[in-house]
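Novice: Here's the letter readout for the chains.
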Amino acid sequence: MQAIEVSHLTKKFGSLTALNNISFSVGEGETFGFLGPNGAGKTTTIRILTGVSRPGSGTASIFGHDIEHDKIAARQSMGIVSENSNVYDDLTAWQNMMFSAELYHVGRKEREEKATELLKKFELYDRRDDKAHGFSKGMKRRLTLAMGLVNSPRLLFLDEPTSGLDVQSNLIIRDVVSELVLEGVTVFLTTHNIEEANVMCDRVAIINKGNIVAIDAPEALKKTIQSVQSIEVSFDHNSANQLDELSHLPMVNEAQKAGDKFKLYTEDPSELIDAVVDYAQMNKLKIVSIATLGPSLEDVFIRLTGLQRGGEGIHAID
Amino acid sequence: MPSIEQRGWAERLSCEISAAWAIAKKDMRIYYLKPNIIVSGIFFPLFMFLAFALGKNTPPGTLIPGLISITLLFSASSIEPVSIPIERRVKTFERLLAAPISLNSLVSGESLSGFLYSLGIACMPLAVGIFIFSTPIVHVPALVISMILTAFCFATLGTLFAAYPTENVGEVISILNTVRLPLIFISGVFIPISAMPQIGQSIALISPLTYGNDMIEYAYTGKSLFSPLLDIAALIIFILIFQITANYLYKKFNE
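Protein chains in written order, with the working numbering: chain A, -4 to 313; chain B, 1381 to 1635.
Hint data in this document are derived by calculation from the structure and do not stem from the laboratory. All C-beta atoms in this analysis are idealised placements derived from N, C-alpha and C, irrespective of residue type, glycine included. Fair warning: there could be bad hints in the mix.
Unchecked claim - Partial list, derived from the structure: chain A residues whose beta carbon lies under 8 angstroms from chain B:
hint, residue
1, R70
2, I75
3, Y83
4, E118
5, H128
6, G129
7, F130
Please put together the full structure from these sequences, using the hints given.
Specialist: The following block contains the structure:
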């Protein structure tokens, strides 16, 4: 039985088609990434899969339970961690956990044991009697995740789990998710952090303007755009016009500066390495490091969604 | 833990009731002492009542039934119009919408907190009547039943108005007040229904406060415009109408 089965799902808001006849399935125990630019349809998909919103047409089922007609049974097996850390600021961490468990019909003894275990795991147990409004962003995020796990879900929806978090919270959350995956929990992950999806997911779907444009394992997706290769080089010292000069080397399709490194996109890395070595010699620069890189999942994402790179990241064309 | 489909109907009902109770407890912990709830639930009916009652040439004790009626109206309908828009803004309401509970339990749980708050607050004028003015209560069971039904009716009304899809508390309260304020003038609280013009008497029939106030008057004086059974039936019908409409609106606005 599939954990999630989506068939020909369409959702319109007035004249806007938020989801256009999308279909996919997620196997039990799989970690599935759902990537897309803002407004692509990720949140609409999650809202339908969690039964908050109704599809215009098509069906979605969770472990065989139709989300529209058998909503309560479908939801019972889910944990939902929304993008906003939606904890109750005026309740303590413990009260938040108890409330979440009561909503999911977890018995008293079981919910107390589970809450203790999770609060310890997320390093919040010592603060269990403190109201959440005094918590940092990372602590609230950890509490949100703990609340999402209090019913021991078979399927976990994780919406931007580590977005904008401190290193400690980030590591704790990733460790816990890795443990869940080992325990066989199915994870449906949306993230803007493409590297996170690359590392964590068995498969990813890329959605753009309501359509699924690709769905496969990250490595398989990268193979589809082998023409996008790059070399990454750093010199012993940098100057202001270096990026411009490097972008004019033969074979360079695009150049980017990332910290003390330059990433040069090309279709012929070996030719470009020669050109970079010549450039270094001419400008009396020493090459500190140089490496050839295959296409990243981010490259796949950009190619398939029609986005373009800017100085600091990815920007939508429209 | 057995899955939901393996549970019998009695256990499922118990799950729904305990989830509704959990929602009510959460609201009690978070909202009962919020300043705008206290103003809206306690001070507003008190000052409104004083504004109309002071200067009337009637013994203060006879005003207690009216004070109880408007206290029930304002306090019962004051929690959800505050809590739900706030929870929409901070996205905790989404947590309730995605929980494995029916919309009926969600709406009932929300109403339950307004109901209990209202009963607690209405004990104040009740106590003032008993201990300060020695106002006699002729039918205690009728008073208990009327207070319970009136409180639940207006708590459900508050939940119904909070279905309006906004994150702004003021917006819901403004819309609600366009209904709540006229109710106190057309329901026999300040002006007896029999003294109203014909059109006023006809409008009074569609106000739930008319039946709540009528039964509370009956409990205190033994006299009423309608029979207590009719008052009970009318209040139950209003509760059902508000509950069904609230279910429909929460479903519709979240699609």
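Novice: Next step is simple, just say for each hint if it's right about the structure.
Specialist: Hints versus structure:
{"no.": "1", "hint": "R70", "in the structure": "holds, 4 angstroms"}
{"no.": "2", "hint": "I75", "in the structure": "holds, 5 angstroms"}
{"no.": "3", "hint": "Y83", "in the structure": "holds, 6 angstroms"}
{"no.": "4", "hint": "E118", "in the structure": "violated, 23 angstroms"}
{"no.": "5", "hint": "H128", "in the structure": "violated, 11 angstroms"}
{"no.": "6", "hint": "G129", "in the structure": "violated, 15 angstroms"}
{"no.": "7", "hint": "F130", "in the structure": "violated, 14 angstroms"}
Figure legend: structure checked against the earlier numbered hints; hints not met, in rising order: 4, 5, 6, 7.
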